[in-house]
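Peer 1: Following the hints, complete the assembly by docking chain B onto the known chain A.
First to last, the sequence lines map onto chains A and B.
Residues in the first sequence are numbered consecutively from 1, following full-length UniProt numbering.
Residues in the second sequence are numbered consecutively from 1, following full-length UniProt numbering.
Source of the hints: derived by calculation from the structure; they are not laboratory data.
Be careful, since some hints might not be right.
Partner residues aside, some chain A positions facing chain B, computed with beta carbon under 10 Å [as the list claims (entries may be wrong)]:
{"no.": "1", "residue": "Ser15"}
{"no.": "2", "residue": "Ala46"}
{"no.": "3", "residue": "Gln57"}
{"no.": "4", "residue": "Cys170"}
{"no.": "5", "residue": "Ser185"}
Every residue gets a Cβ at the ideal spot worked out from N, C-alpha and C, and that includes glycine.
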Amino acid sequence: MKVSLFITCLCDIFSTNVGKDTVELLERVGCEVDFPELQTCCGQPAYNSGYLTESKQAMKQMIRAFKDSEYVVGPSGSCVGMLKEYPEIFTGDPKWEEEAKALAAKSFEVTQFLVDVLGMTDVGSTFRGKVTYHPSCHMTRILGVKDAPKTLLQHVDGVELVELPIGEDCCGFGGTFSVKNAAISEQMVQEKSEHITETGAEYLVGGDMGCLLNIGGRMAREGKNVQVMHIAEILNYQK
Amino acid sequence: MSVKIGNAPFHNRVQDGIENDFMRKAVSSAQGRFRSGRRNAAEELGDWEDWRTLGEEIRSHTLENIDFYLEKLSDAVSNRGGNVYFAQTAEEANQYIQDIVKRKEAKKIVKSKSMVTEEIGLNAALEEVGGEVVETDLGEWILQLDEDPPSHIVTPALHKDKGQIRETFSKKKGYEKTDDPEELALFAREQLREDFLSADVGITGCNFAVAESGAITLVTNEGNARLATALPDTQISVMGMERLVPTWEDLEVMVSLLTRAAVGQKLTSYVTSLTGTRLEGEVDGPEEFHLVILDNGRSKILGTEFQAALHCIRCAACINVCPVYRHVGGHAYGSIYPGPIGAVLTPLLDGYDDHKELPYASSLCAACTEACPVKIPLHEMLIRHRQIIVERENKAPKMEKLMMKGYAKWASSPAAYKLSTKVAKPGLKPWTEEETISNGPGPLKGWTNARDFPAPSKQSFRSWYKSRRKREESE
Chain A
1 MKVSLFITCL
11 CDIFSTNVGK
21 DTVELLERVG
31 CEVDFPELQT
41 CCGQPAYNSG
51 YLTESKQAMK
61 QMIRAFKDSE
71 YVVGPSGSCV
81 GMLKEYPEIF
91 TGDPKWEEEA
101 KALAAKSFEV
111 TQFLVDVLGM
121 TDVGSTFRGK
131 VTYHPSCHMT
141 RILGVKDAPK
151 TLLQHVDGVE
161 LVELPIGEDC
171 CGFGGTFSVK
181 NAAISEQMVQ
191 EKSEHITETG
201 AEYLVGGDMG
211 CLLNIGGRMA
221 REGKNVQVMH
231 IAEILNYQK
Chain B
1 MSVKIGNAPF
11 HNRVQDGIEN
21 DFMRKAVSSA
31 QGRFRSGRRN
41 AAEELGDWED
51 WRTLGEEIRS
61 HTLENIDFYL
71 EKLSDAVSNR
81 GGNVYFAQTA
91 EEANQYIQDI
101 VKRKEAKKIV
111 KSKSMVTEEI
121 GLNAALEEVG
131 GEVVETDLGE
141 WILQLDEDPP
151 SHIVTPALHK
161 DKGQIRETFS
171 KKKGYEKTDD
181 PEELALFARE
191 QLREDFLSAD
201 VGITGCNFAV
211 AESGAITLVT
221 NEGNARLATA
231 LPDTQISVMG
241 MERLVPTWED
251 LEVMVSLLTR
261 AAVGQKLTSY
271 VTSLTGTRLE
281 GEVDGPEEFH
291 LVILDNGRSK
301 ILGTEFQAAL
311 HCIRCAACIN
321 VCPVYRHVGG
331 HAYGSIYPGP
341 IGAVLTPLLD
351 GYDDHKELPY
361 ASSLCAACTE
371 ACPVKIPLHE
381 MLIRHRQIIV
391 ERENKAPKME
401 KLMMKGYAKW
411 ASSPAAYKLS
421 TKVAKPGLKP
431 WTEEETISNG
441 PGPLKGWTNA
451 RDFPAPSKQS
461 FRSWYKSRRK
471 REESE
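If we strip away everything but chain B, and leave its shape as in the complex, we get:
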């Protein structure tokens, strides 16, 4: 797996999503819960907009000085006995981790939830070298058993309901009980406990690394990240190069924003900060610790008009308010990063060739921009992507380009515009019945397939206004 998931064309993926009643019900009820949770958590703070501003400032300051803070982080981790590896590409990151697994002769690897390891396809790479990989986040574990990619960046199995999960457990793990969520969770817990105890290597992502201390912070509700880091002798954490904060104080702000924006919680059940290996006199922690800092296209975004996309703290607030995501689900995006942030980030990380439809998968309603806790101007970035697709990549449909050329002529010439207000009605007459167009020509067809289009007014406004003026002047 990599950023891209699946090979089906965009419109087929969308259609699959629309026809998946199961998923749509699950998504719309989850969105309802997430939205009210986020609203309440924000209201409770009282000055949410000030918090957003602070969050944006911290993220933007960090990115402006990212080389300085990465060096600081790297030094701090090394000083605490850890190894730091800067990976330029997914391949380099996978290779480095494969080498550790081979050297350790590791048989079992437990992982806590991490989008960045999905991005680089780490599980497949580990299996290549004979490692048995077990995802320990409940949602990720379900997906792993089902060989299904995540459809949401915080709740990856959002598209499944308890009945489907029961079926997966029974097919893959011989589960025999009911679809009661507590029973299902208990079963997963029993199964995973065995894996934690027998694992040789624990792999985590990283919500935030603290540059001043070298601490890797993990935010979870299941506590699985703690087990994955406390039990195995070797710990590997993988982070996108932008996922760091300068100080502990900044961390507090960012975690507050993250948990509130993501799930409407003041704090998740577990917030864990881990600093390096077990030092003399300490009772726990790994013998060996590796921090893999991944670029994989991120440094290319630095210094461009898309830099603010790297502010993202993966809270999914934009996904939870998105009406397009609501109806098509995560898989329709064809990327492990779905929703508005996915539509912005995916073409940046993986190019336009495979993802040129994504920037258009938005009505530009700006709900995402309004929800983002670090003020990424998501809908504006989607427009910027469209400009690049049209003007730089030259990937827009020919017909559309012609129409837009025509539009420019029309809208910059009052005479042409005025003429169009006169001929619109007779021009559309062949398709008009009872002042309604229900089966329109050309691009109008996309509209009239689902709804009526009105016939132009009998008299345009400007013509009415002119006759009114004449009347007034003659009176």
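With the rest of the complex left out, here is chain A:
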């Protein structure tokens, strides 16, 4: 199966390892992975801040970049969720509406792709440790991916998965929200950090780099000894 990787700008610049693991993971389960170099950012920072015109420029670039792809798979519920909203955003636009629909239809978040498209539950990885999972907001509520990440985690050999209290609450990232309303965002991420500590987990796992940078950055600042990992890193772990 041919898959085009949608790396997301955060992973491209800040988390090369997550990208590598996503590629290796997809290859390991039998996909042929390519990386269309024309891709940039999905447009969400501008779209969510109210800059529709600006965001559309980014979106058009993404549509162009993935025009020839069969499947588009990315390590982010939020960014893939954004692609899924393109059709509504371009409704009535004769030039872009159909292409927006095509891109949305072939785009998947990586755990969603593994479970829903490839029909997998066990990707054959091994990872020893006590893990708690933060179900990020856009992954669950915009994209509707609630069970796939947990299903995959439960099948990782050696993982002890513990429930995160009030896991459904936002970590306070919210893109520009974290800067524009920094004081509120700080309270939110602090509470998230407290709940993670309560679980006694050694690893906090999630499927969205924005949330992970936020939570990880906060826990590092608090000097907490919890390691933050993207789910692709765990699913590609072999030791």
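Peer 2: Quick look at chain B alone, frame taken from chain A:
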């Protein structure tokens, strides 16, 4: 009072909320109770999503045909001996009610809980004409004694704990007992009973008016609305023009959704439907009944992309799941309608000038949209508000606009984007120590005040991928 409460700037209100440990504890434990209550009540129905769809259909059908149903309602109320007044503005509504109070020479007015009368500032208007107004919902009564605005649309005194309530009772009413909730409630009950018995006019809000019968439905847990409508000779009900349902059958669906979504109850202790005045042969009911139907900016919302905001049945489910509300409390919103629905509705009713920060008081986590029993796309409406603030109202900060222009250029040019992946690391080097930025420049500062920011990876993904491809090709 009106929609807007207080004059402090948004960020000060937020800071006040964050620093109010008392309130935050009260809010987080209340949210816990409301959330599990709502979840259980929804699960018990088994097909909650079908109920939500039905609720949305009823609300949307009603609004699409609102002129028809309002006329029907008005005719039904008139036929049952009631008077109907359509008020365009808060002033018109207040004036009409003031006139009744004056004509009746009413001295005491008892009220049951009503957000719409908060919206129009009715209490102050009644006091202007010499009426003594007594709020009879326990939470509202506490707030009235304390001269404090509501912080939640269902449980208005959510931000207070029993110790504070005891203090208010003792200061304002000479209460001498403990802070035991039962004792406090009993005291309120004794005090309010006197007021019910001596009131000349009873004023209520309206959860739903039934167009086919003209019945005003009130949903409470305290029974105070029944006393406020059964004892005084004159009854006045005030409703937002959107708060109606076509039939009794629709009412059943909406009340089921309301009580479950609001407090996790199958039904509240009291659900009261009142139809007009005491007719010949009837033993109770008021001699005179007035229904005030308020527009106050609502008709402006009809037919716009925000129309679904008028679906709102004031259950506060969105407020109860909101993580922002959780940390800042209701007063931080500066509106009698707080939380996600408040952030959507307030700028629509009262303009952007005083409320332009509200649409940004959300991380767009969409918990509100998921919780709404009538499927209002709340977080999408917040984004739409932001678009209007940026593009139509031109109220966005200049710096932000410049940055977004830059963003558009960056994200639409693969060459510029690629270059940025190369220069990000050296560019941020002056602020980087041990692969971490703990005191970032410009907008990054808001982030690094509370948490670390990572330095960019040594090699961008795309550069790694390219070298990997080269390796593979040469092998």
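Peer 1: I'd like to know which numbered hints this structure contradicts. Please list them from smallest to largest.
Peer 2: As far as the earlier hints go, not one is violated by this structure.
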